[in-house]
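Protein chains in written order, with this note's numbering: chain A, 1 to 460; chain B, 1 to 314; chain C, 1 to 257.
It is worth saying that the hints were derived from the structure and are not from the lab.
Check before you lean on any hint, since a few could be wrong.
[Stated by the list, open to error] Heads up, incomplete: computed chain C residues facing chain B, CB under 7 Å, no partners named:
#: 1; residue: Ile6
#: 2; residue: Val10
#: 3; residue: Ile15
#: 4; residue: Leu16
#: 5; residue: Leu19
#: 6; residue: Met20
#: 7; residue: Leu23
#: 8; residue: Leu100
#: 9; residue: Asp105
#: 10; residue: Ser106
#: 11; residue: Ala109
#: 12; residue: Leu114
#: 13; residue: Val121
#: 14; residue: Ala202
#: 15; residue: Leu247
#: 16; residue: Asn250
[Claimed, not checked] Distance windows between CB atoms, simulated:
#: 17; chain 1: B; residue 1: Leu20; chain 2: C; residue 2: Gln32; range: 28 to 38 Å
#: 18; chain 1: B; residue 1: Ala4; chain 2: C; residue 2: Gly254; range: 30 to 40 Å
#: 19; chain 1: B; residue 1: Ala4; chain 2: C; residue 2: Pro213; range: 55 to 65 Å
#: 20; chain 1: B; residue 1: Leu12; chain 2: A; residue 2: Ala337; range: 48 to 58 Å
#: 21; chain 1: A; residue 1: Pro279; chain 2: C; residue 2: Phe173; range: 31 to 41 Å
All C-beta atoms in this analysis are idealised placements derived from N, C-alpha and C, irrespective of residue type, glycine included.
The primary structure of each chain is shown beneath.
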Amino acid sequence: MTLLVAKDISVHAGSDRLVDPVSLTLEMGKAVTVLGESGSGKSLLAQAILGTLPKGLDGSGTLTVGGDTFDPARPQGNRVLWGRRIAVLPQEPWLALDPLMRGQQQVAEVHDLVAAASEPAVRAKADLTALGLEAAGDKFPWQLSGGMAQRLAFAAARAGGAAITVADEPTKGLDADRRDDVLALLRKGLEGGGLLTITHDLTLAKGLGGEILVMQGGTVVERGPAARILTAPQHPYTRALIAADPANWPRRVPPSVQPVLVRATDVTVSRAGRTLFRPVGFSLSRGQTLGIFGPSGCGKSSLGNAILGLLPYEGTLWRDPGAPKLGFQKLWQDPPAAFPARITLGQGLDDLIALHRIDRKRVAPLLDRLKLSPSLLTRLPSGVSGGELQRIALLRALLLDPVFLFADEPTSRLDPVTQAETVRLMTEIAAERDMAIVFVSHDRALLHSVSDQMLELSAQ
Amino acid sequence: MNTALNTIAFRLMQAAGVALVVGVMSFLMMQAMPGDMAFRIAAARYGYDLVNADLANAVRAELGLDAGPVTQFLHWMGGLARLDLGQSLVSGQPVWDEITHQLGASLQLALAAIVLSLLIGPPLGICAGLHAGGRFDRALLVVAASFRAVPQFLLGLLLIILLAVQMRLLPAAGHGSLAHFVLPALTLALGLAAASARITRDAMAGVAASPLYAFARAKGLSDGEVLRRHGLRNIGAPVVTYLGLQFVLLVEGVVVVETIFGWPGIGHALIHAVFHRDVPMVQGTALVMGLGFVLLNAIIDLIVRRIDPRGVQS
Amino acid sequence: MTAAHIGWSVLAALILFALMGPLFDPVGPFKQSLMKALSGADAAAPFGYDHLGRSMFSRLAHALRLSLLLAFAATATAAVIGIGLGALASWRGGWLDRGLALVADSVLALPALLMVLMMGVILPSTALAFWAGLAAVQWVEFFRLTRNAARSHLASPAVEAATLQGFGPVWIFRRILWPEIGPMLRTASAFGVGNAIAAIAALGFVSVGMRAPTPELGLMMVELLPSWREAPFALMQPVLACFALLLALNLIAGDRR
């Protein structure tokens, strides 16, 4: 049964076309997934279908839901679809749920006001029970775990009785375990309905199956059944996208034996009197990479900061006393936050060069090596993309000839292809310079392919 | 519960801080006045009519006024800690009696102004915030900004000229009938309304642009339902918190407006006391105003905790 | 032209008038000629005469000069004290931080007018009382701004990076903190000056501020109020001057965010 037909949907900003015409059909029980990076136009496509395009952007094409036709150029008309025929899953459920309303009420109000069903409270309770959320009914969203909030938002979005589910980037910024939860939820949405998912997440796309549309620069470059696209991609971009998945990265070649740089015995870190993780020990030589894995909030960053000497710790931590004082450097998760916001990147580098009397001639070859244009240095951090900024942060660290680099989830906010390139550059340069790296990530596949040894932290 | 106790503990500390600042200032005022300190304190205690050299000497001995400023200061603060505010230097009446006498008139005026401002400000702010950047929003921004540029005394002056002198609609000064209420209450309310419209508008615009608002609409709720069920709930805490901070503005307004319109309240009494260098009365009114702020904000903290149980952001 | 530009132009014009006006004024603000009371403009008094036959031009220029001088002095003093204590509190932390924050919160509960009135009893001169009283209240705003900005930015990755790269506190203040709090301080200063001018005029208007015969905006208004019917233009002058000054400062302050 066909639930939704979108024909020649495109998006314009004035005379600029941001999304070239795309057609897609949602069938009962079949998933359609739009795969692409940020800026590929995949979210705009979904917004054009839903009628939620930002001000200044116009959609065109035709949309048929059930027997009714809608015009994406007049998004106000789409409003009747929301909740009743299309359930929209929020990107970040924790922010999308009303923090001041109890869980069950947020579902019950939809039964009551949207579906006009009898006994909304009973129905809401049943919805929650079906998702294993019995305990969440009386709680406020901020009292729930991320996974529970996700399920609550799913229940609230679908309580209006919609057969179609649209999910825009449902796994953005999630740990691997949570990603599996989302996959299970979306599969539930497929039972007795259609599903349109917008994502950059190959694992999710694989798990959902159905049809995949690959978007780049506002155009669908390749489409077809999930199994075919993911195993035998035709278009070069699809191939690059699949190669960028850490699960498909080449295995790391172990480095030659080098002197030990950092040795930890029974080390742990406390915050506000609470020990963050069970004491750990490791020995890290120059040229080696240590991967640190663990659930969010377990103290991965704190352990790294303790090695850098930024935080007090318990246990024994030995750092090679022969290492230079400024030889321990760091890359941050949120690249713009790691730079002074109001001075140009070049100004920051100039200050560093002046402070440590560094030879200015070293900057140009490093820019070249990191594939950075010198003109980027005239901009403010806010005017440079995350991937470029992270490479400039690496350049800044390299000027100080580091022997150790703490990479604190350095690529978690980058697109897959950018992530692959950034990590490749980082590991290559570390090998050239015999630099030791401590790499923190919530992506186990990524850590497996970059690390010589892994350390899994567990909460105390 | 722990955070509720923290809130109360903070407000108690703040109250102590207010009393300390007022006490120090009052002590300095006493020191700065011409003449014999012991005589003035005796007058403050027993009234000017009864004071004589013996009483003054008794006070001097009791308070150790020859003992140096530190001891004197401790005695002064001791009186304050026992909530012994002394007598007015002008009327001879106990300061507490004078203040409780005048507080009622001030509270009436303040309450009328608050109610009036709440009827004007927040509804306009909600309308503007729901369509942030729209024509109404920009118009309100200009109007609110010009009202902020008009201090309350100036607004009072303009209203007197316009409504009392030119159009002869209302009495300019006095107390007693309902007509006397209009000008002073309106003067206070317009300034407060401009401020609260502005803050409501910002809160509403923030909530209307938030993911929670988008999700509530995506669930299928109508605009009115979204506003009633999610919008108002979420602007409540910031707006109420801000109203508490506005209390200082209100008190300042009350002082000026009461004096302009001859309203027999605590602000009028303060100006009168300053004019006559009646330090115990100044101390008493300052204390009541400062502690009133703390008390009101303590109540607001508790209300906000009920609206938003996540805890009060300072 | 933005709103802030308009604000700066109006402020500049008023300052110019306050500074230059007295140079072109042959009579001075105190010379009475009762014959000319409430009469219109002539060569000696381009803005006419008040109820005692004093030159409005001269009195207005002197009144503006007094208000601006007092307000700028008070806000500048408050800014220096507030920024200094705010930096000290966030740098040293601990009891000093909590103690200063409590003092700030206590002062916050007291209206500025009240502080000025109490200072008026303590200090020998009214001008001094305005300066001390306004500064004693306004430092809190600068203190809180500096402290909050320092707190949020000192914990940022940018500061962590600077520390790892060997930069000292001076660089961190100059390159990270100051560019962030600078614009906020400009807004706070404009509001501070505006509030100070309003307070001076308000207390003058209720006769507990500057004393007659000092030319002061609020005092001039209350003196000229009884003559409103005969000489509305005379009263409108200090009212408009006060409004223009406050509007200019509000426009300069812009949005408080």
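Evaluation of the provided hints:
1. The restraint placing C/Ile6 at the interface with chain B is violated, with a minimum CB-CB distance near 12 Å, outside the 7 Å limit.
2. For C/Val10, the interface hint is violated, since its Cβ never comes within 7 Å of a Cβ in chain B; the closest pair sits about 11 Å apart.
3. At a threshold of 7 Å, the smallest CB-CB gap from C/Ile15 to chain B is about 17 Å, leaving the interface hint violated.
4. Using the Cβ-Cβ criterion of 7 Å, the hint placing C/Leu16 at the interface with chain B is not satisfied: the shortest such distance is roughly 20 Å.
5. The closest approach between the C-beta of C/Leu19 and any C-beta of chain B is roughly 23 Å, which is over the 7 Å cut-off, so the hint fails.
6. Contact between C/Met20 and chain B, as hinted, is not supported at the beta carbon level, the nearest pair being about 24 Å apart and thus beyond 7 Å.
7. The beta carbon of C/Leu23 is not positioned within 7 Å of any beta carbon in chain B (closest approach about 29 Å), and the interface hint is therefore violated.
8. Interface hint at C/Leu100: violated, since its Cβ lies 11 Å from the closest Cβ of chain B, which is beyond the 7 Å cut-off.
9. Taken as an interface hint, C/Asp105 checks out: its beta carbon lies about 5 Å from the nearest beta carbon of chain B, inside 7 Å.
10. With a least beta-carbon distance of about 3 Å to chain B, the hint placing C/Ser106 at the interface is held under the 7 Å criterion.
11. The beta carbon of C/Ala109 comes within 4 Å of a beta carbon in chain B, closer than 7 Å, and the hint placing it at the interface holds.
12. Contact between C/Leu114 and chain B, as hinted, is supported at the beta carbon level, the nearest pair being about 5 Å apart and thus within 7 Å.
13. Interface restraint check: C/Val121 against chain B, minimum CB-CB distance 4 Å, threshold 7 Å, status holds.
14. This hint holds: C/Ala202 has a C-beta 4 Å from the nearest C-beta of chain B, less than the 7 Å allowed.
15. Annotation: interface hint on C/Leu247 holds; nearest CB of chain B at approximately 4 Å, less than 7 Å.
16. Evaluation of the C/Asn250 hint against chain B yields a held restraint, the C-beta minimum of about 5 Å falling below 7 Å.
17. Restraint check, B/Leu20 to C/Gln32: a C-beta distance of roughly 48 Å breaks the suggested window 28 to 38 Å.
18. As the Cβ distance of B/Ala4 to C/Gly254 is approximately 38 Å, the hint placing it in 30 to 40 Å holds.
19. Taken as a hint, the range 55 to 65 Å holds for the pair B/Ala4 and C/Pro213, whose Cβ atoms sit roughly 56 Å apart.
20. At roughly 38 Å, the beta carbons of B/Leu12 and A/Ala337 sit outside the given window of 48 to 58 Å.
21. Evaluation of the 31 to 41 Å hint for A/Pro279 and C/Phe173 yields a pass: the beta carbon distance comes to about 38 Å.
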